[in-house]
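Engineer: Between the sequences and the hints, there should be enough to build the whole structure, so can you do that?
When the letters of the sequence shown are read in order and numbered with the numbering used here, they come out as residues 142 to 532.
In case anyone wonders, no lab produced these hints; they're calculated from the structure.
Any given hint could be a false lead.
[What the hints assert, rightly or not] Here are the simulated distance ranges between beta carbons:
{"hint": "1", "residue 1": "E166", "residue 2": "R411", "range": "25 to 35 angstroms"}
{"hint": "2", "residue 1": "E166", "residue 2": "I488", "range": "45 to 55 angstroms"}
{"hint": "3", "residue 1": "G188", "residue 2": "T147", "range": "36 to 46 angstroms"}
{"hint": "4", "residue 1": "G291", "residue 2": "R390", "range": "39 to 49 angstroms"}
All residues carry an ideal CB built from backbone N, CA and C; glycine is no exception.
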Amino acid sequence: MSPLPTPSPDALDQSARLLRRIEAEIADAGGWIPFSRYMELALYAPGEGYYSGGARKFGPGGDFITAPELTPLFGQALAAQVEQIMRASEARIIEVGAGTGLLAADLLLELERRGALPERYDILELSGELRGRQFDTLAQKVPHLAARVGWLDELPEAFSGAVVANEVLDVMPVHLLASRPEGLFERGVAFAADVAGTKALRWADTPAGGAVAEAARALVLPRPQHGEYVTELNLASRAWVAAWADRLRQGALLLIDYGYPRAEYYLPSRSNGTLLCYYRHHAHGDPFLWPGLNDITAFVDFTAVAEAAFDAGLDVHGYTSQAQFLFNCGVLQCLERRGAREGADYIRAARAVQRLTAPQEMGELFKVLALGRGISGPLLGFVRGDRLHAL
142 MSPLPTPSPD ALDQSARLLR RIEAEIADAG GWIPFSRYME LALYAPGEGY YSGGARKFGP
202 GGDFITAPEL TPLFGQALAA QVEQIMRASE ARIIEVGAGT GLLAADLLLE LERRGALPER
262 YDILELSGEL RGRQFDTLAQ KVPHLAARVG WLDELPEAFS GAVVANEVLD VMPVHLLASR
322 PEGLFERGVA FAADVAGTKA LRWADTPAGG AVAEAARALV LPRPQHGEYV TELNLASRAW
382 VAAWADRLRQ GALLLIDYGY PRAEYYLPSR SNGTLLCYYR HHAHGDPFLW PGLNDITAFV
442 DFTAVAEAAF DAGLDVHGYT SQAQFLFNCG VLQCLERRGA REGADYIRAA RAVQRLTAPQ
502 EMGELFKVLA LGRGISGPLL GFVRGDRLHA L
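Structural biologist: In structure tokens form, the structure reads like this:
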């Protein structure tokens, strides 16, 4: 792995402030906090966490690139599914975690072309820096539609329409589990000294208990004869889906993220889990490096999300790969609108579609899960290649 770029002095100061806050919380908690709490602080601590601070996160100048940054064809294809949901419920959209605002702009432009504009397009966004970027993006790309867009601080009390969440579940705080011959442990964080007396954030395990132990028992994790099996448990995503179930009157949620069904997630061979950090387009495995400056993610257990939705009274409408979903929604037809195949614009767009749909790129790694209420008939994105049986 190539060396990570050195953060600026201001960024290092921000990280140092967050580290002091984390150290104080660990001390107040008796010397140990669960990793889920550490991840929550590292990502969302007001003014200092990764998503609540001011650093650029998306695009070539940030830490990673999402599908909407690759090409507007992602949003144009997604619009076909969103339109169907709105026609079966209400002409409203909520996008959760809208990144730079490019997906919102692409969706609005395509829905306008299709004669299916929403009455409202609300964005649920926790980051003040990203809200500002979203506002600027929409003002530049869809100034005539910007009046339809608003921002939310929390989930609405009630909602009917389409909910879009692209790469949201993977940044919800996860618990870490360590299965060893002597039992099941929850991996947390302490601030402790090494043999040389240097104090720093360090891993510390405690026997799993409470809701964590109960949920872990249902997973039937591998129990190695030697060493340990480390993995993640995302209780936050289950609670989030249940909260939407309390609010969704009619419509559907489209959840797009990288992950697996449970049978693939907890394979014995995946003994180090899926936790990853991203800094300036470099992936690494140290979540204690520069707290607040790295994105921290974990793959999604889509079976757990679907089960939580079903238990909360939602219908599970479909589950498939991103590639199959985009093909079903007409991404190739959207590509054909780019003009002559020998043209530079078409060639660039075709390469982007390749990245979105190729099995070795994003096409198989990313999945789409649809959860809803009060909608009859198959959803467009799942008419072919639905994998509900795999959940």
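Engineer: Does each hint hold? Answer for all of them.
Structural biologist: Evaluation of the provided hints:
no. : hint                              : verdict
1   : E166 <-> R411: 25 to 35 angstroms : holds, 30 angstroms
2   : E166 <-> I488: 45 to 55 angstroms : holds, 52 angstroms
3   : G188 <-> T147: 36 to 46 angstroms : violated, 22 angstroms
4   : G291 <-> R390: 39 to 49 angstroms : violated, 19 angstroms
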